[in-house]
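Assemble chain B onto chain A, guided by the hints.
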Amino acid sequence: MKKIYLIIALTFGLVHFASAQADQQVTLGTTHNYNVTAVAGYTYTWTVDAAGSDTDVSTVTGNTISVDWNQAVGVYNITVYATDATNCISETETISVEVLGQSSVLFAAADDAQTCSDLDGNAFGGGASGGSSSFQVKFTGGLAPYDLVYRVLDATNTQVGTDVTVNGLNATDQFDVPNQFINDGTTNVVYKVVIVSATTKDGATVALPADDADKTRTITVLPKPRITGGIKF
Amino acid sequence: MKKSILSKLMITLVIGLFSISNLNAQTGTYDAIHTVLMGSTYEYNVALHGSNTYTWEIVNPADPTDVLEIIADKGINKQNIFWDPTKTWVKNGDQVILRVSEFRDHGDGDVCSSVSEITISFTNSLPSIEFVTVDNAICSTDATQVTVKFNGVAPWDITITDDQGDASKTITGLTTADPKVIPVAGEPGYYTYTFDIAEGDLLSPTGDVTHALTFTTFVDDNVRKNATEANGTMTGTLSITVYQLPQISTINHN
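From first to last, the protein sequence lines stand for chains A and B.
Residues in the first sequence are numbered from 3 upward in steps of one, following our numbering.
Residues in the second sequence are numbered from 5 upward in steps of one, following our numbering.
Don't read these hints as lab results, they were simulated from the structure.
What you are looking at is a predicted structure, and each value in this text was computed from that prediction instead of being measured.
The hints are all genuine.
Examples of chain A residues toward chain B, derived with CB under 8 Å:
(1) ASN35
(2) THR39
(3) ILE80
(4) THR85
(5) THR88
(6) SER92
(7) GLU93
(8) ILE97
Facing chain B, a subset of chain A residues (Cβ under 8 Å, in silico):
(9) HIS34
(10) TYR36
(11) VAL41
(12) VAL82
(13) GLU95
Label-pair ranges, simulated between beta-carbon atoms:
(14) A:ALA42 - B:PRO192: 50 to 60 Å
(15) A:ASN79 - B:ALA202: 25 to 35 Å
(16) B:GLN149 - A:THR88: 16 to 26 Å
Virtual Cβ for every residue (Gly too), placed ideally from N, Cα, C.
Isolated chain A, as found in the complex (with noise of 0.2 Å):
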């Protein structure tokens, strides 16, 4: 029975160190400053504890450093302590950094849409869709949130309109893209909607999938409903 409790404590225990949260998480790849409040006559003393070149910070003196994380993932610690004028030293100040694995992008589910055109003027056409559709994203690794850049392209694979950023997205997300199409012929069109980019929150690259299929959806705009042969009284 003793086993029992020893076992359930110690998954309890290791369960809830797994899980505590570093002081701040970045994106392996990417860099960032830390410092202290500055003193007259201090000098500071940084240790990065990932040992590598691109962490080695041992020989600033000043109260800022700049770490650039591209070492592994993994939990790590800064470390600075102050020295002044009489050789005493301060406590040490101490912040957990966790670096997360690079980050990648893809639609998320096979939601190709579907609307009505829109009447001339862009009033709105009708059906279900409403007034936009809507699309799944989701984002692996990296900071969250994201910023995602996509672009239009008609049939003839010409861009319409702008690319346009969607920001503050969360790993499993949704964006809206207006459905601003006119389609007065007789038959479908099909516009592609493209993810061109994306950021991680602290700046880093997204990648985007090689399968144009995982970063491709469509919108197909049906034709107007006619009225033929006028109003007749």
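Just chain B now, kept in the frame of chain A:
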């Protein structure tokens, strides 16, 4: 004739077992020469053998037949002796003999006796203590070692106080058995003793404060038994500056 031979034999046996010692467990048995502080009282004793009687005498060392004073005639086996500085033979640097004669009456006319002696050497010098450590500075939370140099007769009591109103550093019952009590080479009778003091000991409050440490108590066994002196000679002041630790903010990041 047989009685005379037996008596001599008994005297020889008793002399072999008989010596003056001291009852104070901290100091142990006196050496052959006991240096005493004039004006002090010391307790002396010899081993008690049955109903034997003991005569205590002060004798001129230059002439063992010259008895300067009989302290007790056929008394008990121990005496508290006050070395009165008003007596003509109690002089700084002089010596006398403390002689104890033990008598055993066998009831048949034979009285066996034996004698034990120690030399008493008088001094009017109080023990002295001084700082060896020079003035220094430390960071708050650090400790510093302080070394003092002193002489006298164990056990020693030392109290050091600083001028910032902090608690005293008190060392009591120091003896030469303490491994940190080290004889000073080339200075017989002198010792050094080293100890740590730290923040919260004598050196608070902290924060770029200079503490002036002085002795406020220095007692050795001679002082302890002296009728007029409360302390030995205490010399010097030790200044220790305690620097406040630098303060650092939390780490900011982007």
